[in-house]
Amino acid sequence: MTICRTLALLALTCLLPTGAAMAEGGITVQDARDRDVVIDDPTRIVSIGGAITEILYALGFEDRIAGVDATSLYPPSALREKPDVGYMRQLSPEGVLGLHPSLVLAVQGSGPKETMDVLEAAKVPLVLVPETFSEAGLVEKIKLVGHAMGADPRAACLATAVESDLAQLRALRAKVTKPVRVMFVMSLLNGRALAAGHKTAADEIIQLAGGVNAIDGYDGYKPVNDEAIVAAKPDVVLSIDRGKDSLTSEAVFAHPAFALTSVPANKAFISMDGLYLLGFGPRTAAAARDLSAKLYPALAPEAASFKPAALTASCRQ
1 MTICRTLALL
11 ALTCLLPTGA
21 AMAEGGITVQ
31 DARDRDVVID
41 DPTRIVSIGG
51 AITEILYALG
61 FEDRIAGVDA
71 TSLYPPSALR
81 EKPDVGYMRQ
91 LSPEGVLGLH
101 PSLVLAVQGS
111 GPKETMDVLE
121 AAKVPLVLVP
131 ETFSEAGLVE
141 KIKLVGHAMG
151 ADPRAACLAT
161 AVESDLAQLR
171 ALRAKVTKPV
181 RVMFVMSLLN
191 GRALAAGHKT
201 AADEIIQLAG
211 GVNAIDGYDG
221 YKPVNDEAIV
231 AAKPDVVLSI
241 DRGKDSLTSE
251 AVFAHPAFAL
261 TSVPANKAFI
271 SMDGLYLLGF
281 GPRTAAAARD
291 LSAKLYPALA
301 PEAASFKPAA
311 LTASCRQ
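With this note's numbering applied, the sequence shown corresponds to residues 1 to 317, in that order.
Note that these hints are calculated values from the structure, not bench results. In this text, a Cβ means the ideal position worked out from N, Cα and C, and glycines have one as well. A hint or two may mislead.
[Unchecked claim] Computed cross-link-like contacts, DMTMM-like style, restricted to lysine to aspartate or glutamate with a CA-CA straight-line distance of at most 20 Å:
(1) Lys267 <-> Glu250
(2) Lys294 <-> Glu250
(3) Lys199 <-> Glu135
(4) Lys82 <-> Glu94
(5) Lys178 <-> Asp216
(6) Lys123 <-> Asp36
(7) Lys143 <-> Asp36
(8) Lys113 <-> Asp34
(9) Lys82 <-> Asp63
(10) Lys123 <-> Asp40
[As the list claims (entries may be wrong)] Label-pair ranges, simulated between beta-carbon atoms:
(11) Glu227 <-> Glu114: 37 to 43 Å
(12) Lys267 <-> Ser164: 32 to 38 Å
(13) Asp36 <-> Ala167: 29 to 35 Å
(14) Gly191 <-> Lys123: 45 to 51 Å
(15) Ala304 <-> Val38: 43 to 49 Å
(16) Ala304 <-> Glu94: 44 to 50 Å
(17) Asp63 <-> Asp36: 26 to 32 Å
(18) Val212 <-> Asp36: 36 to 42 Å
(19) Glu94 <-> Glu250: 41 to 47 Å
(20) Thr312 <-> Arg33: 30 to 36 Å
(21) Ala171 <-> Ser92: 42 to 48 Å
The task is simple: from the sequences and hints, build the whole structure.
Next comes the structure, spelled out in C-alpha coordinates:
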(Lines of atoms letter the chains of each structure in order from A and count residues from 1; the text may use other names and numbers.)
(Lines give C-alpha, C1' and ligand atoms only; values in the text may rest on other atoms or scores of the structure.)
Protein backbone atom coordinates (compact mmCIF):
# COMPACT_ATOMS: atom_id res chain seq x y z
CA MET A 1 0.00 0.00 0.00
CA THR A 2 1.50 3.37 -1.02
CA ILE A 3 1.89 6.32 1.35
CA CYS A 4 -0.37 8.42 -0.87
CA ARG A 5 -3.10 5.82 -0.81
CA THR A 6 -2.88 5.51 2.96
CA LEU A 7 -3.08 9.28 3.40
CA ALA A 8 -6.08 9.40 1.09
CA LEU A 9 -7.85 6.74 3.11
CA LEU A 10 -7.12 8.54 6.36
CA ALA A 11 -8.40 11.77 4.83
CA LEU A 12 -11.63 9.94 3.99
CA THR A 13 -12.19 9.30 7.68
CA CYS A 14 -12.43 13.04 8.31
CA LEU A 15 -15.73 12.90 6.44
CA LEU A 16 -17.15 10.20 8.70
CA PRO A 17 -20.14 11.32 10.77
CA THR A 18 -19.55 11.88 14.46
CA GLY A 19 -23.22 11.28 15.25
CA ALA A 20 -25.71 13.40 17.12
CA ALA A 21 -26.48 10.93 19.89
CA MET A 22 -23.22 10.41 21.76
CA ALA A 23 -22.97 8.87 25.18
CA GLU A 24 -21.47 11.37 27.59
CA GLY A 25 -17.82 10.43 27.98
CA GLY A 26 -18.28 7.57 25.50
CA ILE A 27 -18.27 3.81 26.06
CA THR A 28 -14.92 2.19 26.83
CA VAL A 29 -14.27 -1.34 25.62
CA GLN A 30 -11.13 -3.41 26.18
CA ASP A 31 -10.73 -5.50 23.06
CA ALA A 32 -8.60 -8.44 21.91
CA ARG A 33 -5.50 -6.21 21.74
CA ASP A 34 -5.89 -5.38 25.46
CA ARG A 35 -6.46 -1.80 24.39
CA ASP A 36 -9.17 0.53 25.61
CA VAL A 37 -11.32 1.70 22.71
CA VAL A 38 -13.62 4.67 23.33
CA ILE A 39 -16.89 4.58 21.39
CA ASP A 40 -18.87 7.81 21.17
CA ASP A 41 -21.44 6.84 18.58
CA PRO A 42 -22.47 3.17 18.14
CA THR A 43 -25.14 3.97 15.56
CA ARG A 44 -23.51 3.01 12.26
CA ILE A 45 -21.58 -0.25 12.47
CA VAL A 46 -19.61 -2.33 10.04
CA SER A 47 -19.80 -5.88 11.40
CA ILE A 48 -16.96 -8.21 10.43
CA GLY A 49 -17.51 -11.81 11.51
CA GLY A 50 -20.62 -13.95 11.23
CA ALA A 51 -21.00 -14.40 14.99
CA ILE A 52 -20.79 -10.64 15.59
CA THR A 53 -23.52 -9.99 13.03
CA GLU A 54 -25.65 -12.73 14.56
CA ILE A 55 -25.25 -11.20 18.03
CA LEU A 56 -26.14 -7.71 16.77
CA TYR A 57 -29.33 -9.04 15.20
CA ALA A 58 -30.20 -11.01 18.34
CA LEU A 59 -29.81 -7.80 20.37
CA GLY A 60 -32.07 -5.88 17.99
CA PHE A 61 -29.44 -3.66 16.37
CA GLU A 62 -29.89 -4.63 12.72
CA ASP A 63 -30.96 -1.08 11.87
CA ARG A 64 -27.59 0.19 13.02
CA ILE A 65 -25.59 -2.10 10.76
CA ALA A 66 -24.12 -0.24 7.78
CA GLY A 67 -22.32 -3.26 6.30
CA VAL A 68 -21.33 -6.86 6.96
CA ASP A 69 -18.65 -9.27 5.79
CA ALA A 70 -19.17 -12.33 3.60
CA THR A 71 -19.28 -14.71 6.58
CA SER A 72 -22.41 -13.01 7.93
CA LEU A 73 -24.73 -15.71 6.67
CA TYR A 74 -27.21 -15.65 9.57
CA PRO A 75 -29.79 -14.39 9.63
CA PRO A 76 -30.02 -14.80 5.84
CA SER A 77 -31.44 -11.29 5.53
CA ALA A 78 -28.10 -9.80 6.63
CA LEU A 79 -26.28 -10.28 3.33
CA ARG A 80 -29.43 -9.56 1.35
CA GLU A 81 -30.07 -6.23 3.03
CA LYS A 82 -26.61 -4.95 3.95
CA PRO A 83 -23.58 -4.01 1.81
CA ASP A 84 -20.94 -6.75 1.71
CA VAL A 85 -17.38 -5.61 2.53
CA GLY A 86 -15.88 -8.95 1.48
CA TYR A 87 -14.34 -11.93 3.22
CA MET A 88 -13.15 -11.17 6.75
CA ARG A 89 -9.52 -12.11 6.00
CA GLN A 90 -9.38 -10.27 2.67
CA LEU A 91 -10.82 -6.87 3.55
CA SER A 92 -9.98 -3.62 1.80
CA PRO A 93 -9.89 -0.40 3.83
CA GLU A 94 -11.86 1.38 1.08
CA GLY A 95 -14.67 -1.15 1.36
CA VAL A 96 -15.02 -0.59 5.09
CA LEU A 97 -14.36 3.15 5.36
CA GLY A 98 -16.42 3.88 2.26
CA LEU A 99 -19.53 2.97 4.27
CA HIS A 100 -18.78 5.86 6.68
CA PRO A 101 -19.07 3.77 9.86
CA SER A 102 -19.07 5.25 13.33
CA LEU A 103 -17.81 1.90 14.70
CA VAL A 104 -16.14 -1.19 13.28
CA LEU A 105 -16.67 -4.44 15.19
CA ALA A 106 -14.29 -7.07 13.81
CA VAL A 107 -13.64 -10.58 15.06
CA GLN A 108 -10.06 -11.28 16.08
CA GLY A 109 -8.14 -12.63 13.09
CA SER A 110 -9.73 -10.30 10.54
CA GLY A 111 -7.31 -8.98 7.96
CA PRO A 112 -5.09 -8.60 6.13
CA LYS A 113 -2.77 -6.78 8.53
CA GLU A 114 -2.31 -3.86 6.14
CA THR A 115 -6.04 -3.21 6.11
CA MET A 116 -6.36 -3.52 9.87
CA ASP A 117 -3.45 -1.06 10.30
CA VAL A 118 -5.28 1.53 8.18
CA LEU A 119 -8.55 0.97 10.05
CA GLU A 120 -6.77 1.26 13.38
CA ALA A 121 -5.19 4.55 12.32
CA ALA A 122 -8.48 5.94 11.06
CA LYS A 123 -10.81 8.16 13.02
CA VAL A 124 -13.48 5.47 13.36
CA PRO A 125 -13.19 3.29 16.52
CA LEU A 126 -12.10 -0.29 15.78
CA VAL A 127 -12.95 -3.03 18.30
CA LEU A 128 -11.34 -6.44 17.78
CA VAL A 129 -13.63 -8.98 19.43
CA PRO A 130 -11.71 -11.88 21.05
CA GLU A 131 -12.22 -15.25 19.41
CA THR A 132 -11.91 -17.77 22.25
CA PHE A 133 -13.42 -21.14 21.49
CA SER A 134 -14.93 -22.05 24.85
CA GLU A 135 -18.18 -21.68 26.77
CA ALA A 136 -16.77 -18.73 28.71
CA GLY A 137 -15.38 -17.18 25.53
CA LEU A 138 -18.78 -17.34 23.85
CA VAL A 139 -20.51 -15.62 26.76
CA GLU A 140 -17.82 -12.93 26.96
CA LYS A 141 -18.13 -12.30 23.21
CA ILE A 142 -21.83 -11.54 23.63
CA LYS A 143 -21.20 -9.27 26.61
CA LEU A 144 -18.41 -7.36 24.83
CA VAL A 145 -20.51 -6.71 21.73
CA GLY A 146 -23.43 -5.61 23.88
CA HIS A 147 -21.21 -3.31 25.92
CA ALA A 148 -19.78 -1.74 22.76
CA MET A 149 -23.35 -0.95 21.74
CA GLY A 150 -24.17 0.58 25.12
CA ALA A 151 -26.63 -2.25 25.72
CA ASP A 152 -25.37 -4.19 28.71
CA PRO A 153 -28.88 -5.27 29.85
CA ARG A 154 -29.70 -6.74 26.43
CA ALA A 155 -26.36 -8.53 26.35
CA ALA A 156 -26.91 -9.89 29.86
CA CYS A 157 -30.30 -11.23 28.73
CA LEU A 158 -28.77 -13.04 25.75
CA ALA A 159 -25.79 -14.28 27.76
CA THR A 160 -28.15 -15.73 30.37
CA ALA A 161 -30.08 -17.58 27.67
CA VAL A 162 -26.86 -18.96 26.19
CA GLU A 163 -25.61 -20.04 29.63
CA SER A 164 -28.89 -21.86 30.19
CA ASP A 165 -28.47 -23.64 26.86
CA LEU A 166 -24.90 -24.63 27.71
CA ALA A 167 -26.10 -26.03 31.05
CA GLN A 168 -28.71 -28.16 29.25
CA LEU A 169 -26.01 -29.27 26.84
CA ARG A 170 -23.79 -30.39 29.73
CA ALA A 171 -26.67 -32.47 31.07
CA LEU A 172 -27.10 -34.09 27.65
CA ARG A 173 -23.37 -34.66 27.32
CA ALA A 174 -23.24 -36.34 30.75
CA LYS A 175 -25.31 -39.20 29.33
CA VAL A 176 -22.56 -40.14 26.86
CA THR A 177 -21.01 -43.39 28.12
CA LYS A 178 -18.57 -44.13 25.30
CA PRO A 179 -17.30 -41.00 23.50
CA VAL A 180 -16.74 -41.44 19.78
CA ARG A 181 -13.56 -40.29 18.08
CA VAL A 182 -14.31 -37.51 15.61
CA MET A 183 -11.95 -36.18 12.96
CA PHE A 184 -12.89 -32.79 11.56
CA VAL A 185 -11.71 -32.56 7.95
CA MET A 186 -12.00 -29.26 6.14
CA SER A 187 -10.91 -30.66 2.78
CA LEU A 188 -8.84 -33.27 0.98
CA LEU A 189 -5.91 -31.59 -0.78
CA ASN A 190 -3.95 -33.85 -3.09
CA GLY A 191 -5.14 -36.79 -1.04
CA ARG A 192 -4.11 -35.24 2.29
CA ALA A 193 -6.77 -34.38 4.85
CA LEU A 194 -6.75 -30.84 6.24
CA ALA A 195 -7.73 -31.74 9.80
CA ALA A 196 -8.48 -29.72 12.94
CA GLY A 197 -6.30 -30.07 15.98
CA HIS A 198 -6.67 -28.40 19.35
CA LYS A 199 -7.46 -24.71 19.94
CA THR A 200 -9.93 -24.64 17.04
CA ALA A 201 -13.66 -24.12 16.81
CA ALA A 202 -13.97 -27.66 15.48
CA ASP A 203 -12.13 -29.13 18.46
CA GLU A 204 -14.37 -27.29 20.92
CA ILE A 205 -17.67 -28.12 19.19
CA ILE A 206 -16.69 -31.80 19.12
CA GLN A 207 -16.12 -31.67 22.88
CA LEU A 208 -19.34 -29.72 23.49
CA ALA A 209 -21.22 -32.46 21.63
CA GLY A 210 -19.66 -35.16 23.80
CA GLY A 211 -17.09 -36.42 21.32
CA VAL A 212 -13.30 -36.69 21.36
CA ASN A 213 -11.10 -35.05 18.76
CA ALA A 214 -9.25 -37.89 17.03
CA ILE A 215 -6.37 -35.49 16.27
CA ASP A 216 -4.30 -34.98 19.38
CA GLY A 217 -0.84 -33.93 18.24
CA TYR A 218 -1.05 -30.27 17.24
CA ASP A 219 -2.99 -27.01 17.39
CA GLY A 220 -4.84 -25.40 14.50
CA TYR A 221 -5.57 -26.87 11.08
CA LYS A 222 -2.86 -28.92 9.33
CA PRO A 223 -2.66 -31.46 6.52
CA VAL A 224 -2.17 -35.02 7.77
CA ASN A 225 -0.77 -37.98 5.86
CA ASP A 226 -2.28 -41.43 5.48
CA GLU A 227 -0.33 -42.87 8.40
CA ALA A 228 -1.65 -40.17 10.73
CA ILE A 229 -5.24 -40.78 9.59
CA VAL A 230 -4.99 -44.49 10.32
CA ALA A 231 -3.26 -43.87 13.65
CA ALA A 232 -5.98 -41.41 14.70
CA LYS A 233 -8.59 -44.20 14.47
CA PRO A 234 -11.56 -41.93 13.76
CA ASP A 235 -15.04 -43.32 14.26
CA VAL A 236 -16.64 -40.38 12.44
CA VAL A 237 -15.53 -37.75 9.94
CA LEU A 238 -17.08 -34.31 10.43
CA SER A 239 -16.99 -31.49 7.89
CA ILE A 240 -18.88 -28.36 6.85
CA ASP A 241 -21.08 -27.51 3.91
CA ARG A 242 -19.07 -25.21 1.60
CA GLY A 243 -21.23 -25.37 -1.49
CA LYS A 244 -19.42 -26.77 -4.52
CA ASP A 245 -16.21 -26.98 -2.48
CA SER A 246 -17.77 -29.20 0.17
CA LEU A 247 -16.06 -32.41 1.20
CA THR A 248 -18.28 -35.36 0.26
CA SER A 249 -18.88 -38.68 1.92
CA GLU A 250 -17.93 -40.39 -1.35
CA ALA A 251 -14.49 -38.78 -1.31
CA VAL A 252 -13.90 -39.78 2.30
CA PHE A 253 -15.12 -43.35 1.92
CA ALA A 254 -12.98 -43.85 -1.19
CA HIS A 255 -9.83 -42.48 0.44
CA PRO A 256 -7.28 -45.31 1.00
CA ALA A 257 -6.40 -44.22 4.55
CA PHE A 258 -9.97 -43.76 5.72
CA ALA A 259 -10.74 -47.15 4.14
CA LEU A 260 -8.53 -48.67 6.85
CA THR A 261 -10.75 -47.18 9.57
CA SER A 262 -14.35 -47.94 10.54
CA VAL A 263 -15.63 -44.75 8.87
CA PRO A 264 -16.64 -46.17 5.44
CA ALA A 265 -18.13 -49.38 6.82
CA ASN A 266 -20.31 -47.44 9.24
CA LYS A 267 -21.01 -44.66 6.71
CA ALA A 268 -19.94 -42.31 9.48
CA PHE A 269 -19.77 -38.93 7.76
CA ILE A 270 -21.46 -35.77 9.02
CA SER A 271 -21.60 -32.40 7.26
CA MET A 272 -23.22 -29.30 8.78
CA ASP A 273 -23.58 -25.61 7.99
CA GLY A 274 -20.24 -23.91 8.67
CA LEU A 275 -21.37 -20.81 10.56
CA TYR A 276 -23.84 -22.83 12.61
CA LEU A 277 -21.25 -25.45 13.56
CA LEU A 278 -18.11 -23.32 13.97
CA GLY A 279 -19.30 -19.73 14.35
CA PHE A 280 -19.48 -19.65 18.15
CA GLY A 281 -22.44 -17.31 18.22
CA PRO A 282 -25.76 -17.56 20.08
CA ARG A 283 -26.73 -20.78 18.26
CA THR A 284 -23.63 -22.76 19.30
CA ALA A 285 -25.39 -24.84 21.95
CA ALA A 286 -28.08 -25.74 19.40
CA ALA A 287 -25.39 -26.78 16.90
CA ALA A 288 -23.66 -28.94 19.52
CA ARG A 289 -27.03 -30.49 20.41
CA ASP A 290 -27.64 -31.38 16.77
CA LEU A 291 -24.14 -32.80 16.40
CA SER A 292 -24.56 -34.84 19.57
CA ALA A 293 -27.79 -36.34 18.25
CA LYS A 294 -25.95 -37.38 15.07
CA LEU A 295 -23.00 -38.84 16.98
CA TYR A 296 -25.21 -40.67 19.47
CA PRO A 297 -28.55 -41.68 17.90
CA ALA A 298 -29.71 -43.09 21.24
CA LEU A 299 -29.67 -39.54 22.62
CA ALA A 300 -31.68 -38.12 19.72
CA PRO A 301 -35.08 -38.17 21.55
CA GLU A 302 -33.63 -36.30 24.53
CA ALA A 303 -31.76 -33.92 22.24
CA ALA A 304 -35.04 -33.18 20.46
CA SER A 305 -36.59 -32.07 23.75
CA PHE A 306 -33.75 -29.58 24.32
CA LYS A 307 -35.20 -26.27 23.11
CA PRO A 308 -32.39 -23.67 23.12
CA ALA A 309 -33.48 -20.51 24.90
CA ALA A 310 -31.13 -18.35 22.86
CA LEU A 311 -33.21 -19.02 19.74
CA THR A 312 -36.36 -17.54 21.30
CA ALA A 313 -35.05 -15.13 23.94
CA SER A 314 -36.54 -11.62 23.82
CA CYS A 315 -33.41 -9.54 24.35
CA ARG A 316 -34.01 -6.81 21.79
CA GLN A 317 -35.15 -4.03 24.12
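> In ascending order, which of the hints set out earlier in this document are inconsistent with the structure?
Replying inline: none
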